[in-house]
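**Q** One line per chain: the protein sequences are A and B, in this order.
Going by the numbering used here, the first sequence opens with residue 1, and the numbers climb by one from there.
Going by the numbering used here, the second sequence opens with residue 1, and the numbers climb by one from there.
Quick caveat, the hints were computed from the structure, so don't treat them as lab data.
Be aware that a few hints might be false.
[What the hints assert, rightly or not] Distance windows between CB atoms, simulated:
{"#": "1", "chain 1": "A", "residue 1": "Pro43", "chain 2": "B", "residue 2": "Glu206", "range": "23 to 33 angstroms"}
{"#": "2", "chain 1": "A", "residue 1": "Ala270", "chain 2": "B", "residue 2": "Pro95", "range": "51 to 61 angstroms"}
{"#": "3", "chain 1": "A", "residue 1": "Pro11", "chain 2": "B", "residue 2": "Glu14", "range": "50 to 60 angstroms"}
{"#": "4", "chain 1": "A", "residue 1": "Pro11", "chain 2": "B", "residue 2": "Lys202", "range": "30 to 40 angstroms"}
{"#": "5", "chain 1": "A", "residue 1": "Arg37", "chain 2": "B", "residue 2": "Pro95", "range": "30 to 40 angstroms"}
{"#": "6", "chain 1": "A", "residue 1": "Pro43", "chain 2": "B", "residue 2": "Arg262", "range": "53 to 63 angstroms"}
{"#": "7", "chain 1": "B", "residue 1": "Arg199", "chain 2": "A", "residue 2": "Trp163", "range": "51 to 61 angstroms"}
{"#": "8", "chain 1": "A", "residue 1": "Ser45", "chain 2": "B", "residue 2": "Glu206", "range": "51 to 61 angstroms"}
{"#": "9", "chain 1": "B", "residue 1": "Arg246", "chain 2": "A", "residue 2": "Glu121", "range": "31 to 41 angstroms"}
{"#": "10", "chain 1": "B", "residue 1": "Glu206", "chain 2": "A", "residue 2": "Glu121", "range": "36 to 46 angstroms"}
{"#": "11", "chain 1": "B", "residue 1": "Val227", "chain 2": "A", "residue 2": "Ser45", "range": "51 to 61 angstroms"}
[Stated by the list, open to error] In silico DSS-like links for lysine-lysine, alpha-carbon gap of 27 angstroms or less:
{"#": "12", "chain 1": "A", "residue 1": "Lys117", "chain 2": "B", "residue 2": "Lys117"}
{"#": "13", "chain 1": "B", "residue 1": "Lys273", "chain 2": "B", "residue 2": "Lys202"}
{"#": "14", "chain 1": "A", "residue 1": "Lys273", "chain 2": "A", "residue 2": "Lys230"}
{"#": "15", "chain 1": "B", "residue 1": "Lys273", "chain 2": "B", "residue 2": "Lys258"}
{"#": "16", "chain 1": "B", "residue 1": "Lys117", "chain 2": "A", "residue 2": "Lys40"}
{"#": "17", "chain 1": "A", "residue 1": "Lys230", "chain 2": "A", "residue 2": "Lys202"}
{"#": "18", "chain 1": "A", "residue 1": "Lys258", "chain 2": "A", "residue 2": "Lys273"}
{"#": "19", "chain 1": "B", "residue 1": "Lys40", "chain 2": "A", "residue 2": "Lys117"}
{"#": "20", "chain 1": "B", "residue 1": "Lys230", "chain 2": "B", "residue 2": "Lys273"}
[Said to hold, decoys possible] Reference excerpt, derived from the structure (chain A facing chain B, CB under 10 angstroms, subset only):
{"#": "21", "residue": "Leu63"}
{"#": "22", "residue": "Asp81"}
{"#": "23", "residue": "Tyr145"}
{"#": "24", "residue": "Asp171"}
{"#": "25", "residue": "Lys258"}
{"#": "26", "residue": "Val261"}
Just so you know, even glycine gets a beta-carbon here, dropped at the ideal spot from N, CA and C.
There are 2 protein chains.
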Amino acid sequence: MVLYNDCVRPPFLEKLCGAWSRSGSFLCVGLDPDIERVRKCLPNSDRPVFEFCREIVDITADLVCAFKFQIAFFSSCGAEDDLAAFIGYVREQHPSIPVLLDAKRGDVGSTAEHYAKEAFERYQADAVTVNPYMGWESIEPFRRYDGRGIAVLCRTSNLDSEWLQDYPESDPVYLRVARAVAERNEGDLMLVTGATYPRQLKLVREAVGDMPLLVPGVGIQGGETSVVVKNGVDSVGRGLLVSASRSVIFASDTPQFKDSVRAAAEQLYAALKISN
Amino acid sequence: MVLYNDCVRPPFLEKLCGAWSRSGSFLCVGLDPDIERVRKCLPNSDRPVFEFCREIVDITADLVCAFKFQIAFFSSCGAEDDLAAFIGYVREQHPSIPVLLDAKRGDVGSTAEHYAKEAFERYQADAVTVNPYMGWESIEPFRRYDGRGIAVLCRTSNLDSEWLQDYPESDPVYLRVARAVAERNEGDLMLVTGATYPRQLKLVREAVGDMPLLVPGVGIQGGETSVVVKNGVDSVGRGLLVSASRSVIFASDTPQFKDSVRAAAEQLYAALKISN
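Full structure from sequences and hints, please.
**A** Here is the structure:
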């Protein structure tokens, strides 16, 4: 399915395609606002998580095709209201940039409905990450929200996941997930494929054709941007959201963090430029 | 490993063994307080989720070996503070009953640390459910909290998960998860194995020896209690937390719900009595 050539694209994909064109970039900045580190950057703030996220977003907005928020960093310190308020801020100030909620939810259907409500009604995210272990029943409730995107974990970036995702060797779980997601895709689905496994990223792209891949693992985790782009782009030179979090947002743990963040984002922007 | 015979048991397992002995029951009541249905039971309450949970817990406390809270039902309506306050209530009023947080988290290590903080520091749960798709790195941060329990998804109760969990036929993913968890178990780990797959439940028990299995899927989902007990108990006739949620807590969606809840719980209690 050559989704990008369709006359009518589903809203999430339309927004993403617009963001690729406008930014000319595969860079997705991930916001993992670890409160301990945030306090070093903003020692005098009354609302450090919100303010820190606002700074990061405003500093990098012209360089990115998406922002990704990791919900765990808000949940661990009870900052859900900050997350909701902040996604509202991005939608208002940078309405053309898609917002991904990285929540990796996965549960039986009646529970998944509530997770979908959390992601799309409470937080108003454009897209959410989900875990495929519990099957389609756990993913379908998210698809009922027209116009939103869903990124399904496929070959994740972390070590130590081979024993499940790369098993069995003959036709591993991650490829099975990739094919099943591609078969069901109606322009709302994506796959999460880590930059740290470039060979598998290539195999996923070959298996699924043109659909967006969310690729974490550049930066701290060590994935190389040039290999990611080479192995990951689709038939029209699009199809990637390459996510970097800590290496950008905590480029410097000091009150003078802004220049370091901008420099780190610019460096990745240059490496992740869309060439056509 | 015959954990139940050890002189010194880890704190979570000690608490669970005490709860089995005191209640004489494998019944775990699951709290999935869907706000729409809760409002039908308590139409005039200012704090319906908290009050409803309190009623359910107080009505069923003498019949259960554990309570399980499904976090999605709190997150979808922004009731995190109710969840934290309520777990505090259970720990104060029913301190001998373990509280499980059903969150099914799973992420890279640095993020998993924040999910562990959420479950064990913010909510003070005795145990939490986790998803194995991202491997051990995503589970280890939870184990650093001494004395807490971790239930790893193995063969879940829902239809539609066969394509991943039962794959490949020769040595399926769920059994691979079961063996890997059993090998690493130091008295802190459990497995989630659905009542709707009794054959697989038996195979899991045979594979892992004596360790607790959290078994959802009786009640609405259709799993039979007698088969669960027969196939699931360990060598000393313990080892099960059989979880029922909607069939107990929403036995009646009316302001007269209390008697129906008690009756439904008593019926399951009788079917899930520990026989020695």
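**Q** Which earlier hints turn out false for this structure, listed by number in ascending order?
**A** When the structure is compared with the hints, numbers 1, 4, 7, 9, 21, 23, 25 and 26 turn out to be violated.
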